[in-house]
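Following the hints, position chains G and Z with the ligands against chain U.
Protein chains in written order, with the working numbering: chain U, 12 to 177; chain G, 459 to 943; chain Z, 2 to 247.
Treat each hint with caution, since some may be false.
Cut-off 30 Å, straight-line C-alpha distance, at most; resulting in silico cross-link-like pairs (DSSO-like, lysine-lysine) [to be verified]:
no.: 1; chain 1: Z; residue 1: Lys223; chain 2: U; residue 2: Lys149
no.: 2; chain 1: G; residue 1: Lys688; chain 2: G; residue 2: Lys760
no.: 3; chain 1: Z; residue 1: Lys223; chain 2: U; residue 2: Lys144
no.: 4; chain 1: G; residue 1: Lys688; chain 2: Z; residue 2: Lys9
no.: 5; chain 1: G; residue 1: Lys613; chain 2: Z; residue 2: Lys9
no.: 6; chain 1: U; residue 1: Lys149; chain 2: U; residue 2: Lys101
no.: 7; chain 1: U; residue 1: Lys149; chain 2: Z; residue 2: Lys148
no.: 8; chain 1: Z; residue 1: Lys14; chain 2: G; residue 2: Lys613
no.: 9; chain 1: G; residue 1: Lys615; chain 2: Z; residue 2: Lys14
no.: 10; chain 1: G; residue 1: Lys475; chain 2: G; residue 2: Lys615
no.: 11; chain 1: G; residue 1: Lys476; chain 2: G; residue 2: Lys828
no.: 12; chain 1: G; residue 1: Lys475; chain 2: G; residue 2: Lys613
no.: 13; chain 1: U; residue 1: Lys144; chain 2: Z; residue 2: Lys229
no.: 14; chain 1: G; residue 1: Lys925; chain 2: G; residue 2: Lys688
no.: 15; chain 1: Z; residue 1: Lys9; chain 2: G; residue 2: Lys615
no.: 16; chain 1: G; residue 1: Lys615; chain 2: G; residue 2: Lys688
no.: 17; chain 1: G; residue 1: Lys475; chain 2: G; residue 2: Lys925
no.: 18; chain 1: G; residue 1: Lys688; chain 2: Z; residue 2: Lys14
no.: 19; chain 1: G; residue 1: Lys475; chain 2: G; residue 2: Lys838
Chain Z is nowhere near these chain G residues, computed Cβ spacing over 10 Å in every case [as the list claims (entries may be wrong)]:
no.: 20; residue: Tyr469
no.: 21; residue: Ile479
no.: 22; residue: Val557
no.: 23; residue: Ile571
no.: 24; residue: Ile789
no.: 25; residue: Asn832
no.: 26; residue: Thr848
no.: 27; residue: Trp895
no.: 28; residue: Val899
no.: 29; residue: Thr902
no.: 30; residue: Trp913
Keep in mind that the hints were calculated from the coordinates and are not lab data.
The structure presented is a predicted model; accordingly, all values stated were derived computationally and were not measured.
For each residue, glycine too, the CB sits at the ideal point set by N, CA and C.
The lines below spell out each chain.
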Amino acid sequence: MSKTQDQVLGHGDECDGIEEYDNDLPAWWVGLFILTVVGGIGYAINYHFVSETSQLAQYQAEMAEAEAQWPAMDMTATVVVTEEMLAEGKDLYMTNCIGCHGPEMKGGIGPDLTDAEWVHGGTFNEIQNTISKGVPEKGMLSWEPILGPQKVQKVTAYVHAAGGGQ
Amino acid sequence: MSTETAHTPNYDDAVTKKFLIASVTWGAVGMLVGVICALQLAWWPANLNVPWLTFGRLRPLHTNAVIFAFTGNFIFAAMYYSMQRLLKTRMFNDVLSQVHFWGWQSIIVAAAITLPAGLSQSKEYAELIWPIDIAIAVIWVVMAVNFFGTIAIRKVKHLYVAIWFYMSMVITIAVLHIVNSLVLPASATVSYPVFSGITDALVQWWYGHNAVGFLLTTPILGLMYYFVPKTAGRPVYSYRLSILHFWGLVFLYIWAGPHHILYSSLPDWAQTTGVVFSVMLLAPSWGGMLNGLLTLRGAWDKLRTDPLLKFWVVAITFYGMSTFEGPMMSIRAVNALSHFTDWTIGHVHSGALGWVGMAAFATFYYMVPKLWNNQLYSVKAATLHFWLATIGIVLYVMAMWTAGITQGLMWRELDADGQLQYPNFMDTVLQLIPLYWIRLVGGTMYLVGLLVMAWNLVKTASGVAPKDGPEQVTAAPESLPTPAK
Amino acid sequence: MADSMHRKLIESKGAVMAVLTTVAISIGGLVEIAPLYSEALGPEPMEGIEPLTPLELAGRDIYVREGCYNCHSQMVRPFRDETLRYGEWTRAGEIVYDRPFQMGSRRIGPDLQRVGGKYPDAWHYEHMDDPRATSPGSIMPRYSWLKERQIDPEAVQASMRALQTLGTPYTDEQIADAPAAIQRQGGEIVARLEAGNLSAQPDDQIVALTAYLQQLGVAGRKAIQAQKDAAAALEAGTEIPASVED
Ligand code: HEM
Ligand code: HEM
Numbered sequence: 012m013s014k015t016q017d018q019v020l021g022h023g024d025e026c027d028g029i030e031e032y033d034n035d036l037p038a039w040w041v042g043l044f045i046l047t048v049v050g051g052i053g054y055a056i057n058y059h060f061v062s063e064t065s066q067l068a069q070y071q072a073e074m075a076e077a078e079a080q081w082p083a084m085d086m087t088a089t090v091v092v093t094e095e096m097l098a099e100g101k102d103l104y105m106t107n108c109i110g111c112h113g114p115e116m117k118g119g120i121g122p123d124l125t126d127a128e129w130v131h132g133g134t135f136n137e138i139q140n141t142i143s144k145g146v147p148e149k150g151m152l153s154w155e156p157i158l159g160p161q162k163v164q165k166v167t168a169y170v171h172a173a174g175g176g177q
Numbered sequence: 459m460s461t462e463t464a465h466t467p468n469y470d471d472a473v474t475k476k477f478l479i480a481s482v483t484w485g486a487v488g489m490l491v492g493v494i495c496a497l498q499l500a501w502w503p504a505n506l507n508v509p510w511l512t513f514g515r516l517r518p519l520h521t522n523a524v525i526f527a528f529t530g531n532f533i534f535a536a537m538y539y540s541m542q543r544l545l546k547t548r549m550f551n552d553v554l555s556q557v558h559f560w561g562w563q564s565i566i567v568a569a570a571i572t573l574p575a576g577l578s579q580s581k582e583y584a585e586l587i588w589p590i591d592i593a594i595a596v597i598w599v600v601m602a603v604n605f606f607g608t609i610a611i612r613k614v615k616h617l618y619v620a621i622w623f624y625m626s627m628v629i630t631i632a633v634l635h636i637v638n639s640l641v642l643p644a645s646a647t648v649s650y651p652v653f654s655g656i657t658d659a660l661v662q663w664w665y666g667h668n669a670v671g672f673l674l675t676t677p678i679l680g681l682m683y684y685f686v687p688k689t690a691g692r693p694v695y696s697y698r699l700s701i702l703h704f705w706g707l708v709f710l711y712i713w714a715g716p717h718h719i720l721y722s723s724l725p726d727w728a729q730t731t732g733v734v735f736s737v738m739l740l741a742p743s744w745g746g747m748l749n750g751l752l753t754l755r756g757a758w759d760k761l762r763t764d765p766l767l768k769f770w771v772v773a774i775t776f777y778g779m780s781t782f783e784g785p786m787m788s789i790r791a792v793n794a795l796s797h798f799t800d801w802t803i804g805h806v807h808s809g810a811l812g813w814v815g816m817a818a819f820a821t822f823y824y825m826v827p828k829l830w831n832n833q834l835y836s837v838k839a840a841t842l843h844f845w846l847a848t849i850g851i852v853l854y855v856m857a858m859w860t861a862g863i864t865q866g867l868m869w870r871e872l873d874a875d876g877q878l879q880y881p882n883f884m885d886t887v888l889q890l891i892p893l894y895w896i897r898l899v900g901g902t903m904y905l906v907g908l909l910v911m912a913w914n915l916v917k918t919a920s921g922v923a924p925k926d927g928p929e930q931v932t933a934a935p936e937s938l939p940t941p942a943k
Numbered sequence: 002m003a004d005s006m007h008r009k010l011i012e013s014k015g016a017v018m019a020v021l022t023t024v025a026i027s028i029g030g031l032v033e034i035a036p037l038y039s040e041a042l043g044p045e046p047m048e049g050i051e052p053l054t055p056l057e058l059a060g061r062d063i064y065v066r067e068g069c070y071n072c073h074s075q076m077v078r079p080f081r082d083e084t085l086r087y088g089e090w091t092r093a094g095e096i097v098y099d100r101p102f103q104m105g106s107r108r109i110g111p112d113l114q115r116v117g118g119k120y121p122d123a124w125h126y127e128h129m130d131d132p133r134a135t136s137p138g139s140i141m142p143r144y145s146w147l148k149e150r151q152i153d154p155e156a157v158q159a160s161m162r163a164l165q166t167l168g169t170p171y172t173d174e175q176i177a178d179a180p181a182a183i184q185r186q187g188g189e190i191v192a193r194l195e196a197g198n199l200s201a202q203p204d205d206q207i208v209a210l211t212a213y214l215q216q217l218g219v220a221g222r223k224a225i226q227a228q229k230d231a232a233a234a235l236e237a238g239t240e241i242p243a244s245v246e247d
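Chain U on its own, in the form it takes in the complex (with noise of 0.2 Å):
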């Protein structure tokens, strides 16, 4: 196979003037086509009836993988909150609080955190429910589905800590 001989076809009147060479095939281009139809229906074969996967299994395995590594946190649990922590639920306040309740925890469009009011209750718990679960009829989001537990944990540290809670 693939012998480059260059011999012309002789098909040129026929295609004004272009003339067509009879080389062969280069082998690598055969080998090639052959390896991606062999791999190609051996992948589908492997897939669907060796080892008998799908997306959904896929998935199902990467969640329970995840849970195994991170079990659910009890939110209810009494926390002890550290220095790191309330660093960090700094951060997230300035990222994703300001805009609502001001830099300096003032309120604006939500309510004043700094007072000694509190709406929703001012417990470590009552601050972190409000959190999780939102306000919608006011406005405020779930922020658990956005920012996942343990970030609310944290931006509850800090707000409960810096904004003087119960």
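Below, chains G and Z with the ligands alone, put in the same frame as chain U:
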């Protein structure tokens, strides 16, 4: 068959000229809109708070203009030019040719009005509203009649490979367009497709992928088989390869659509067919690349002086590259990262700017001197165009790859608690802005190159004496080895 | 050799070439598409998935008109990171009434398939008027004209009739009632906007678009939860709640 009519000058080149002019003109418009879209992504105030200038309405205008107006007219110009010469006959019917031309341009004008007006069906590359869809179908049939009529009255016995590829376009686009446009009108401008949900998605991407396959790929391969050997004065590398990769492409392409909706609710088996057939497309695609590049064997020395060959080499190389990238992106694990990101946009434009655009430019530089019977006005300007375009593509594509991979990784990055590292989508967008500016620069260079070409071609057509000496572009065919028999 | 056969039998006959090409390009599409289009294998609507209300339908047509799909997908993929970011992955049974489908191919902005209920109505109102007001740094265009233009109830009725013909289960009563339904649902949204000191009319385009966005993925989320509860109940060996069973 009849050698005595070999050089009948009675070809309808007037219609070719018209298609060529239309392609360059719409190309400039479509790419200008592309540049505006690129600016809007880098700098949102460019949306100007005017409904018909917002990105959501201009992007379809860009895609439709470059695909159907720039590429479409380019293909028709090259097809009318080459098939008359290959079949040694004038087109079957001049009236049909004229109807095809004016019909197609009217459709484009209608598109340019309706899309910014917000009249859209929202299916990518099939956004046009139903009355325009009907017009497209009618004009396409007119072209098909003319096409097959010309084949019927041909003066040669065998059909050259270029014609096979054109034929695959004529047939396939008709089927795709009609099925994907099956809708029930609710008014003159609003309609709803007969397919719904995931089935509608599958039909759309069966259409969408093959619009790429049978508009942006196969007809251009066909005209490559005419213009490359003509430009280089060399025989086609392998006839056998052309047969095999042609049938490989037409059979395999049509299956690959589901690679656009991987990890959707499309059944797994259908997704798998999309993956597998996309991977199988690699070799038939590269068959075209090989036949193109290897035809240039022995013409490499001309590459330094002849800008046409430069354009072809880059075009074919980008074709090879995007048809390697495409099958890669069809692999489930890769698509999981690339899908929805700018990586797709990089892939699209390495095909569109690299392959389609460069092939078009090479073809225009070939045809204009022949059609207007003059020498190319400025080889230097053509070389400048080449470098503007090539550097523009590289900037565009590199920026988009970087943007796509960056954003794809940021979306999935987790923090130590197993939560999203970047829960704010905006964080992942802000990373991309500098890259969007680079893309804007690349795209602008490409557009400027096109304008340089337009100027050069106008000068050529108007018969101004060549600027940098006579003997330049497109060597005459060399003497060839004798036939095997 | 095969070459000479090809030359003799195919290349010399345009009709043969055309027929073979047509056959070659037809097989793939038929094998992939026909099964989905058949009654037996095509997707069924999930429990509780209903066609859009007239106001939501008008909003959807605005979504299509403005080309939102150019930047926003409506297809959450089955990956954990997407579940965290957007919610449950998108089921076929949730989008059966989508004509045309809106899965999209780009995420210049975030996925919207489950955006319903994520933000209050006022958020959408302000966001569409100027995206930077709610999302600093956003590159999305302003759509302030949606506040000034109204939807056409008669056009909505025409759309509903067309969809009904195609098989969307709208009743004639629903179609006749559409203008009133628009006022009712739009009025509820306007009331919520007014609570936030924003003013609008029930048939404003911004209200229709908000109605469309606020239902995205909501019924699907409930249906998926119901399926999960049913599965969990089955596993626990308890009775399946009657509402889920049928
Ligand atoms: C001056 C040159 C060009 C510029 C600056 C440009 C710019 C753009 C931009 C900004 C987008 C939207 C990207 C996004 O969604 O993020 C786009 C999309 C697109 N462009 Fe271009 N473009 C150019 C030339 C072309 C050409 C010549 C073609 C085809 C022959 C083409 C085909 C497309 C297609 C098909 C899409 C849609 C891709 C998709 O849906 O994923 N473009 N272009
Ligand atoms: C063997 C050849 C090819 C394969 C298998 C292939 C595969 C792909 C894949 C996997 C995607 C991404 C789909 C997604 O994630 O959304 C894609 C997008 C695209 N490709 Fe290719 N590609 C090939 C060649 C080409 C060439 C040569 C061109 C242009 C001339 C091209 C133009 C496009 C366009 C326009 C899109 C964007 C579609 C959209 O999202 O709107 N492709 N292709």
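Okay, the hints, checked on the actual structure:
1. Between Lys223 of chain Z and Lys149 of chain U the CA atoms are separated by roughly 24 Å; this keeps the pair inside 30 Å, and the hint holds.
2. A C-alpha spacing of about 13 Å is found between Lys688 of chain G and Lys760 of chain G, which places the hinted pair at or below 30 Å, so the restraint holds.
3. A threshold of 30 Å between alpha carbons decides the hint, and for Lys223 of chain Z with Lys144 of chain U the separation of about 18 Å falls inside it, so the pair holds.
4. Using a Cα cut-off of 30 Å, the hinted pair Lys688 of chain G and Lys9 of chain Z holds, with the two alpha carbons roughly 25 Å apart.
5. Straight-line distance between C-alpha atoms of Lys613 of chain G and Lys9 of chain Z comes to about 16 Å, which keeps the hinted pair within the 30 Å bound.
6. With a C-alpha separation of about 23 Å, the suggested pair Lys149 of chain U and Lys101 of chain U falls inside the 30 Å cut-off, and the hint holds.
7. Taking the CA atoms of Lys149 of chain U and Lys148 of chain Z, the gap is near 22 Å; set against the 30 Å cutoff, the hint holds.
8. Restraint check for Lys14 of chain Z and Lys613 of chain G: satisfied, since their Cα atoms lie roughly 13 Å apart, inside the 30 Å limit.
9. Distance check on the hinted pair: Lys615 of chain G and Lys14 of chain Z sit about 8 Å apart at the alpha-carbon level, within 30 Å; holds.
10. Between Lys475 of chain G and Lys615 of chain G the CA atoms are separated by roughly 28 Å; this keeps the pair inside 30 Å, and the hint holds.
11. For the proposed pair Lys476 of chain G and Lys828 of chain G, the alpha carbon gap of about 14 Å is at most 30 Å, so the pair holds.
12. Taking the CA atoms of Lys475 of chain G and Lys613 of chain G, the gap is near 23 Å; set against the 30 Å cutoff, the hint holds.
13. Distance check on the hinted pair: Lys144 of chain U and Lys229 of chain Z sit about 22 Å apart at the alpha-carbon level, within 30 Å; holds.
14. At most 30 Å may separate the alpha-carbon atoms for a hinted pair to count; Lys925 of chain G and Lys688 of chain G meet this at roughly 24 Å.
15. A threshold of 30 Å between alpha carbons decides the hint, and for Lys9 of chain Z with Lys615 of chain G the separation of about 10 Å falls inside it, so the pair holds.
16. Taking the CA atoms of Lys615 of chain G and Lys688 of chain G, the gap is near 21 Å; set against the 30 Å cutoff, the hint holds.
17. A hinted pair counts as satisfied when its Cα atoms are at most 30 Å apart, and Lys475 of chain G with Lys925 of chain G qualifies at roughly 23 Å.
18. Annotation: proposed proximity of Lys688 of chain G to Lys14 of chain Z holds, straight-line Cα distance about 25 Å (limit 30 Å).
19. Between Lys475 of chain G and Lys838 of chain G the CA atoms are separated by roughly 24 Å; this keeps the pair inside 30 Å, and the hint holds.
20. The Cβ of Tyr469 of chain G sits about 19 Å from the closest Cβ of chain Z, beyond the 10 Å cut-off, so the non-interface label holds.
21. Remark: the non-interface label on Ile479 of chain G is consistent with the geometry, its nearest Cβ contact in chain Z lying 30 Å away (cut-off 10 Å).
22. At roughly 22 Å from the closest C-beta of chain Z, the C-beta of Val557 of chain G stays outside 10 Å, upholding its exclusion from the interface.
23. Here Ile571 of chain G stays apart from chain Z, with its beta-carbon at least about 15 Å from theirs, past the 10 Å limit.
24. For Ile789 of chain G, the non-interface assignment is confirmed: its Cβ lies about 15 Å from the closest Cβ of chain Z, beyond the 10 Å cut-off.
25. Non-interface status of Asn832 of chain G relative to chain Z is upheld: no Cβ of that chain comes within 10 Å, the nearest being about 35 Å off.
26. Against chain Z, the non-interface label of Thr848 of chain G holds: every CB pair exceeds 10 Å, the least being about 26 Å.
27. No Cβ of chain Z approaches the Cβ of Trp895 of chain G within 10 Å, the least distance being about 12 Å, so the stated non-interface status holds.
28. With 10 Å as the threshold on Cβ separation, the claim that Val899 of chain G sits away from chain Z holds: the shortest Cβ distance comes to roughly 18 Å.
29. A cut-off of 10 Å between C-beta atoms confirms that Thr902 of chain G is not in contact with chain Z; the least separation is 19 Å.
30. Trp913 of chain G, annotated as away from the interface, keeps every beta carbon of chain Z farther than 10 Å; the closest lies near 33 Å.
Violation of the numbered hints given earlier is absent; every hint is satisfied by the structure.
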